[in-house]
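Protein chains: 2
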Amino acid sequence: MELSRRELSLIRALATRAGRKKSGCCRCEGLRAVRELWAYYPEKVRFIAVAEKAAAMLDFSPQMIRIVPDKLFDDISGTVSTQGVIAVAEIPADADGPVEGDFVLALDQLGDPGNFGTIARSLRAAGQKELWYTKGSIDPWGDKAIRSGMGVQFGLNLRRFETLEELADFGIRQGMKNVFIADPHQGESCFECASLYDRSIIVIGGEPNGVMGAYPGAGRVVIPMPGNYESINAAQAATVLIFESVRRKMS
Amino acid sequence: MELSRRELSLIRALATRAGRKKSGCCRCEGLRAVRELWAYYPEKVRFIAVAEKAAAMLDFSPQMIRIVPDKLFDDISGTVSTQGVIAVAEIPADADGPVEGDFVLALDQLGDPGNFGTIARSLRAAGQKELWYTKGSIDPWGDKAIRSGMGVQFGLNLRRFETLEELADFGIRQGMKNVFIADPHQGESCFECASLYDRSIIVIGGEPNGVMGAYPGAGRVVIPMPGNYESINAAQAATVLIFESVRRKMS
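So the protein sequences, as listed, match chains A and B. Heads up: the first sequence begins at -9 in my numbering, then just goes up one per residue. Heads up: the second sequence begins at -9 in my numbering, then just goes up one per residue.
Rather than coming from a laboratory, the hints here were simulated on the basis of the structure. Being a predicted model, the structure only gives us computed values, none of them experimental. Yeah, the Cβ is synthetic: ideal placement off N, Cα and C, and Gly gets one too. A few of these clues could be false.
Each computed BS3-like pair below joins lysine-lysine, with the alpha-carbon atoms no more than 30 Å apart [claimed, not checked]: (1) 12(B) x 34(B); (2) 134(A) x 61(B); (3) 134(B) x 34(B); (4) 61(A) x 134(B); (5) 61(A) x 12(A); (6) 134(A) x 134(B); (7) 61(B) x 134(B); (8) 12(A) x 34(A); (9) 239(A) x 239(B); (10) 134(A) x 43(A); (11) 125(B) x 12(B); (12) 34(B) x 61(B).
Here are some of the chain B residues that sit facing chain A, going by a computed Cβ distance under 10 Å [unchecked claim]: (13) 104; (14) 108; (15) 110; (16) 112; (17) 116; (18) 145; (19) 179; (20) 181; (21) 214; (22) 215; (23) 219; (24) 226; (25) 229; (26) 230; (27) 234; (28) 237.
One chain only, chain A, in its complex shape (with noise of 0.2 Å):
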């Protein structure tokens, strides 16, 4: 099938904010997002664009590919050297079941999408499932943060909350028993607190300085840095902390 106008229009505008809250839908672009997009939904999926030079290649389910000329699919993909495939589809509602997994990673006002989606890669690769986020954060859905995250997203439970406070007390309900601010200066060794997987709730701020919220009674983790040099970014702090479960897990 062809992509019609009015398609057309709609994957341009998803590249927004705005054109997002406006369908309720997003953009999915790569091959390896489409594919966590439909495992994880493929109800929720309209239609999927893919570039004449792709179609050989893919094997989605006829009725939903729309073949694009390769010049135009150039024009609305959001890389440089894209892969042919973007999926459109509704936007997930938040997870709203039992909090799954050893622990809760939450990013406080994270703004960046490439950090966003490393984040989301490796919590999904130590096979964790909780991704938490407060407002000020970037827009999980946003076309970047899809990208950088190859859809990862789709088969996390993600959940949104106003403030920390918010995110941490929904937690304590529901049976999380620690809240940890990673400190980019100071606070007991991440690789010596013993409680740090245990049913906890793990905060990674977005800011250079660190978690900018509170939470009365919330412990403080810092990564051992003996080059003396605060140098690592969020995604970098996060990919430490995530695999740290996972070598205790296998010990």
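For chain A, the structure is supplied; the task is to place chain B on it using the hints.
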């Protein structure tokens, strides 16, 4: 002092590999990057271009400073929201002293400057010094690599080799005891491999399938991923491996 026409064309030219090759200089953008450069190689700095709006905040030697109108600065900057400072410096020669620290991190054909910068910063934060790379990896003195690394490459021992074999041979001659290749699929768990940081060369590849080169007798290590999803990139993998060394050292 004002920026001369000649200096202006030099800054512009240094955004490309050809321009750097011709002049033997690099451009170093951002406040942290310029401070690193200034700390390690003050003698190599030719001049520092500063946007008018940023001039009051900076404290470099007046004879180094070239004040640039804000609009022109935005035009020569490689970033969307510039910090208003770009230093031009001669490219430092590769390290040729003894191998320092506990292990060597080696990059085999790592093509992404953002990943390079992230890895360099993790290494610096962990207090290690040796960052080696093979032909086919990005230029560590490229505009983007310096920005993404925030100039930490100026404080590391960078060494370039034609092939992985040449790199490993050099390391062994310098007294390194082991070569480990990070493999996305198989090998000993990085959390269990006892000799991983004992005078070892740890090789990370830029390709989705890992290291393309080979070395006789090299061990293979893998980062366990209970999520059964190989979605982490070279920079995340390197960060996990680097901070596992920190953890062992601290405990």
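Going through the hints against the structure:
1. 12(B) x 34(B): Holds - the C-alpha atoms of residue 34(B) and residue 12(B) are around 16 Å apart, at most 30 Å.
2. 134(A) x 61(B): 28 Å, holds
3. 134(B) x 34(B): 20 Å, holds
4. 61(A) x 134(B): Measuring from Cα to Cα gives roughly 29 Å; hence the hint holds.
5. 61(A) x 12(A): It holds: about 27 Å lies between the C-alpha atoms, which stays within 30 Å.
6. 134(A) x 134(B): 20 Å, holds
7. 61(B) x 134(B): 21 Å, holds
8. 12(A) x 34(A): 16 Å, holds
9. 239(A) x 239(B): 20 Å, holds
10. 134(A) x 43(A): 23 Å, holds
11. 125(B) x 12(B): Holds, at roughly 19 Å.
12. 34(B) x 61(B): Holds - the C-alpha atoms of residue 61(B) and residue 34(B) are around 27 Å apart, at most 30 Å.
13. 104: 8 Å, holds
14. 108: Cβ of residue 108(B) sits 6 Å from chain A, so the hint holds.
15. 110: Check passed: Cβ of residue 110(B) comes within 9 Å of chain A, closer than 10 Å.
16. 112: The hint holds - residue 112(B) has a Cβ within 10 Å of chain A, the shortest such distance being about 6 Å.
17. 116: Holds, because the Cβ-Cβ distance from residue 116(B) to chain A comes to roughly 6 Å (cut-off 10 Å).
18. 145: OK, holds: residue 145(B) within 10 Å of chain A, min 9 Å.
19. 179: 6 Å, holds
20. 181: Check passed: Cβ of residue 181(B) comes within 4 Å of chain A, closer than 10 Å.
21. 214: 5 Å, holds
22. 215: With Cβ-Cβ at 4 Å, under 10 Å, it holds.
23. 219: Cβ of residue 219(B) sits 5 Å from chain A, so the hint holds.
24. 226: Cβ of residue 226(B) sits 5 Å from chain A, so the hint holds.
25. 229: 5 Å, holds
26. 230: Because about 5 Å separates residue 230(B) from the closest Cβ in chain A, which is inside the 10 Å limit, the hint holds.
27. 234: Nearest chain A Cβ about 7 Å off; hint holds.
28. 237: Result: holds, 4 Å to nearest chain A Cβ.
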